[in-house]
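Participant: Go by the hints and put chain Z onto chain U.
Each chain is listed here by its residues.
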Amino acid sequence: DTAVSQTPKYLVTQMGNDKSIKCEQNLGHDTMYWYKQDSKKFLKIMFSYNNKELIINETVPNRFSPKSPDKAHLNLHINSLELGDSAVYFCASRRGQLNSEAFFGQGTRLTVV
Amino acid sequence: ILNVEQSPQSLHVQEGDSTNFTCSFPSSNFYALHWYRWETAKSPEALFVMTLNGDEKKKGRISATLNTKEGYSYLYIKGSQPEDSATYLCASNRDDKIIFGKGTRLHILP
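Keeping their order, the protein sequence lines are chains U and Z.
Okay, so the first sequence: first residue is 3 according to the working numbering, each after it adds one.
Okay, so the second sequence: first residue is 946 according to the working numbering, each after it adds one.
Next up, chain U with everything else stripped away, as it sits in the complex (with noise of 0.2 Å):
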């Protein structure tokens, strides 16, 4: 069973469309992340969830948005996309304790055309 798991594993769409990347944690974590890697290999925080309550939202435009319907999943949505949006997109999971560590789904290849 896949701990923590990303769909779709690719998705290539047009500018200016709306789309959607769902993760889902069956590790009984309380904390959820969304991180964007960059054309540098770079893992930037984008959004971090606890027991679905947003905690951090990074500098990101707004046209990201994180929803957590429950605790073990957080999708994140992206309107209107733009070229510059494309990258991979890693979800990740936590318990709550300071010593513990994440895991990372798969990741999502974003490609805007």
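Calculated from the structure, these hints are not laboratory results.
Source: prediction; values computed, not measured.
The reader is advised that the hints may include incorrect statements.
[What the hints assert, rightly or not] Below, computed lysine to any residue pairings styled on SDA-like, alpha-carbon distance capped at 25 Å:
hint	chain 1	residue 1	chain 2	residue 2
1	U	Lys43	Z	Arg1039
2	Z	Lys987	Z	Phe975
3	U	Lys46	Z	Thr967
4	U	Lys38	U	Asn28
5	Z	Lys1042	U	Leu56
6	U	Lys43	Z	Trp983
7	U	Lys43	Z	Asp1000
8	U	Lys43	Z	Gly999
9	Z	Lys987	Z	Thr967
10	U	Lys46	Z	Gln1026
11	U	Lys42	Z	Ile1044
12	U	Lys42	Z	Lys1002
13	U	Lys73	Z	Asp1029
14	Z	Lys987	U	Gly18
15	U	Lys43	Z	Ser955
16	Z	Lys1047	U	Arg111
[What the hints assert, rightly or not] Ranges of calculated distance between the beta carbons of each label pair, as one might list FRET restraints:
hint	chain 1	residue 1	chain 2	residue 2	range
17	Z	Ser963	U	Met17	45 to 55 Å
18	Z	Gln1026	U	Glu84	41 to 51 Å
19	U	Asn53	Z	Glu960	40 to 50 Å
20	Z	Asn965	U	Lys69	37 to 47 Å
21	Z	Ser973	U	Met17	39 to 49 Å
22	Z	Leu997	U	Leu56	40 to 50 Å
23	Z	Ser963	U	Ile57	31 to 41 Å
24	U	His79	Z	Ala986	21 to 31 Å
25	Z	Asn965	U	Asp72	35 to 45 Å
26	Z	Ser963	U	Asp40	25 to 35 Å
27	Z	Lys1023	U	Gln16	20 to 30 Å
28	Z	Glu960	U	Lys43	21 to 31 Å
We treat Cβ as the ideally placed atom computed from N, Cα and C, and that holds for glycine.
Facilitator: Then chain Z, alone, in the frame of chain U:
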């Protein structure tokens, strides 16, 4: 230090040699320091999470140390093997965030 910094950015090591690399992180509001191993086309996987100053952790040929007062951590790999080729990410856990460095890309030469 405001961000998590890793050095070197890239490293080529002969198979069988030992190596180490560095992570520097803000020492204020420190919760924990993470090390991850990230192979190409895969997801990052945790190696260690350390919280206490002076912590030292070991997993097989890989070990890590932590100095929270001065804000640095070292990762050591003993007797490098081809399967050690990967990007090694360091991350600082502060205020519910896990902030990553840009990684050290390790290439093991046969």
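Participant: If a hint holds in the structure, say so; if it does not, say that too.
Facilitator: Evaluation of the provided hints:
A threshold of 25 Å between alpha carbons decides the hint, and for U/Lys43 with Z/Arg1039 the separation of about 22 Å falls inside it, so the pair holds. A threshold of 25 Å between alpha carbons decides the hint, and for Z/Lys987 with Z/Phe975 the separation of about 28 Å lies outside it, so the pair is violated. Using a Cα cut-off of 25 Å, the hinted pair U/Lys46 and Z/Thr967 holds, with the two alpha carbons roughly 20 Å apart. A distance of roughly 22 Å separates the Cα atoms of U/Lys38 and U/Asn28; the hinted pair therefore holds under the 25 Å criterion.
A threshold of 25 Å between alpha carbons decides the hint, and for Z/Lys1042 with U/Leu56 the separation of about 12 Å falls inside it, so the pair holds. With a C-alpha separation of about 11 Å, the suggested pairing of U/Lys43 with Z/Trp983 holds against the 25 Å cut-off. Distance hint between U/Lys43 and Z/Asp1000 is unfulfilled; the C-alpha atoms sit about 29 Å from each other, more than 25 Å. Using a Cα cut-off of 25 Å, the hinted pair U/Lys43 and Z/Gly999 is violated, with the two alpha carbons roughly 30 Å apart.
A distance of roughly 23 Å separates the Cα atoms of Z/Lys987 and Z/Thr967; the hinted pair therefore holds under the 25 Å criterion. Pair hint U/Lys46 plus Z/Gln1026 does not hold up; C-alpha atoms about 30 Å apart against a cutoff of 25 Å. This hinted pair checks out: U/Lys42 and Z/Ile1044 have alpha carbons roughly 16 Å apart, not beyond 25 Å. For the hint linking U/Lys42 to Z/Lys1002, the alpha-carbon distance of about 29 Å lies beyond 25 Å, and the restraint is violated.
Only pairs whose Cα atoms come within 25 Å are accepted, and U/Lys73 paired with Z/Asp1029 is rejected, the gap being roughly 35 Å. The hinted pair formed by Z/Lys987 and U/Gly18 fails the criterion: a straight-line CA distance of about 29 Å is larger than 25 Å. Proposed proximity of U/Lys43 and Z/Ser955 is supported: the alpha carbons are some 13 Å apart, at most 25 Å. At roughly 19 Å between alpha-carbon atoms, Z/Lys1047 and U/Arg111 fall within 25 Å of each other, so this suggested pair holds.
Between Z/Ser963 and U/Met17, the C-beta spacing of about 49 Å keeps the proposed range 45 to 55 Å intact. Against the hinted window of 41 to 51 Å, the Cβ-Cβ separation of Z/Gln1026 and U/Glu84 comes to about 43 Å, which satisfies the hint. Separated by about 46 Å at the C-beta atoms, U/Asn53 and Z/Glu960 satisfy the suggested range of 40 to 50 Å. Checked against the given bound of 37 to 47 Å, the beta carbons of Z/Asn965 and U/Lys69, roughly 42 Å apart, stay inside it.
The beta-carbon spacing between Z/Ser973 and U/Met17, approximately 42 Å, falls within the hinted interval of 39 to 49 Å. Hint check: Z/Leu997 to U/Leu56, Cβ distance near 30 Å, so the stated range 40 to 50 Å is violated. Taking 31 to 41 Å as the suggested C-beta distance range, the pair Z/Ser963 and U/Ile57 conforms, at roughly 40 Å. Taking 21 to 31 Å as the suggested C-beta distance range, the pair U/His79 and Z/Ala986 conforms, at roughly 26 Å.
The beta-carbon spacing between Z/Asn965 and U/Asp72, approximately 43 Å, falls within the hinted interval of 35 to 45 Å. Between Z/Ser963 and U/Asp40, the C-beta spacing of about 32 Å keeps the proposed range 25 to 35 Å intact. Under the hint 20 to 30 Å, the C-beta atoms of Z/Lys1023 and U/Gln16, about 50 Å apart, miss the expected range. For Z/Glu960 and U/Lys43, the Cβ-Cβ distance of about 24 Å falls inside the hinted range of 21 to 31 Å, so the restraint holds.
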